[in-house]
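Going down the list, the sequences are from chains A and B.
Sequential numbering from 1 applies to the first sequence in our numbering.
Sequential numbering from 115 applies to the second sequence in our numbering.
Because the hints were derived from the structure by calculation, they are not lab data.
Owing to the predicted nature of the structure, the values given are computational and were not obtained by experimental measurement.
A few chain A residues that face chain B, going by a derived Cβ cut-off under 7 angstroms, partial list only: (1) Gly40; (2) Gly42; (3) Leu43; (4) Thr102; (5) Phe105; (6) Gly106; (7) Ala107; (8) Gly108.
C-beta atoms are modelled at their ideal positions from N, C-alpha and C, and glycine is treated no differently.
Listed here are the chains, written in short residue letters.
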Amino acid sequence: EAAVTQSPRNKVAVTGGKVTLSCNQTNNHNNMYWYRQDTGHGLRLIHYSYGAGSTEKGDIPDGYKASRPSQENFSLILELATPSQTSVYFCASGDVGLGQNTLYFGAGTRLSVL
Amino acid sequence: AQSVTQPDARVTVSEGASLQLRCKYSYSGTPYLFWYVQYPRQGLQLLLKYYSGDPVVQGVNGFEAEFSKSNSSFHLRKASVHWSDSAVYFCVLRMDSNYQLIWGSGTKLIIKP
Numbered sequence: 001e002a003a004v005t006q007s008p009r010n011k012v013a014v015t016g017g018k019v020t021l022s023c024n025q026t027n028n029h030n031n032m033y034w035y036r037q038d039t040g041h042g043l044r045l046i047h048y049s050y051g052a053g054s055t056e057k058g059d060i061p062d063g064y065k066a067s068r069p070s071q072e073n074f075s076l077i078l079e080l081a082t083p084s085q086t087s088v089y090f091c092a093s094g095d096v097g098l099g100q101n102t103l104y105f106g107a108g109t110r111l112s113v114l
Numbered sequence: 115a116q117s118v119t120q121p122d123a124r125v126t127v128s129e130g131a132s133l134q135l136r137c138k139y140s141y142s143g144t145p146y147l148f149w150y151v152q153y154p155r156q157g158l159q160l161l162l163k164y165y166s167g168d169p170v171v172q173g174v175n176g177f178e179a180e181f182s183k184s185n186s187s188f189h190l191r192k193a194s195v196h197w198s199d200s201a202v203y204f205c206v207l208r209m210d211s212n213y214q215l216i217w218g219s220g221t222k223l224i225i226k227p
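So that you can see chain B by itself, here it is in the shape it has in the complex:
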């Protein structure tokens, strides 16, 4: 069955350090993958998306993600985090068969000063 796993419920990073948030998916078809971000007391916003082509996709605020078919992964990265990046990040899989969205459980990013 299709699924999205974000193995880290919480990640703590010092301000200015690099970041990787992990996402693994399970799906036999062509995956369309997204990262959404939820800032405190707000709704969710799209950060970036991958359909095909270059496996590294750029998003807003310096975020990027790399798709790996061999590893069934879509990890999110940022070279230097800022305190304003504190949020919950969701990895999402869209199935090509019926456009249904499968959500990961989210990773809470905590930035240390």
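If we strip away everything but chain A, and leave its shape as in the complex, we get:
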């Protein structure tokens, strides 16, 4: 069974603070993704990665950094958190391409920036 684990599940941060969201996958997928989910917007892609050492900007990368130190781990970093980054964040893994199109999602991290 494919598995994607996110930590923490809930986080309260202060404005201007640094936040790191972690994601671990045991699927041996090359691709990993960070999305945020807000009411009325569905999922929006923040950053993604094709493999260890690679990070790419998604549709809404401003204010976020990503790090992929290994095949299994993909982190999302908010250097200076703002209230507009209050959201639910989802990590996913999957080898999106010909014949392989399923994404496997973590349970999400609920972030509140006060």
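Given chain A, put chain B in place with the hints provided.
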């Protein structure tokens, strides 16, 4: 520009009734289409997918979807809903050019007892 539209933010259906969730896409290339489901306080799971061939595709838990090129649609259906189907459903388009995924805004399905 490519897009996915789910026109209904919320749909309420009585348990045992039939269901259709609408999805329209805009894309000039060959679309690959998916439905994902998000149960309360959980991540998202793949429900079904369409690449080519038979326009009606079967998914898990009795769900099916029908692709229509002429209508640019990929509507999700179920003959008889159960209370456990309460969730948010997302329609997703994958572009064949760069494998990028375009997500609809989701439809929240509410099942009345």
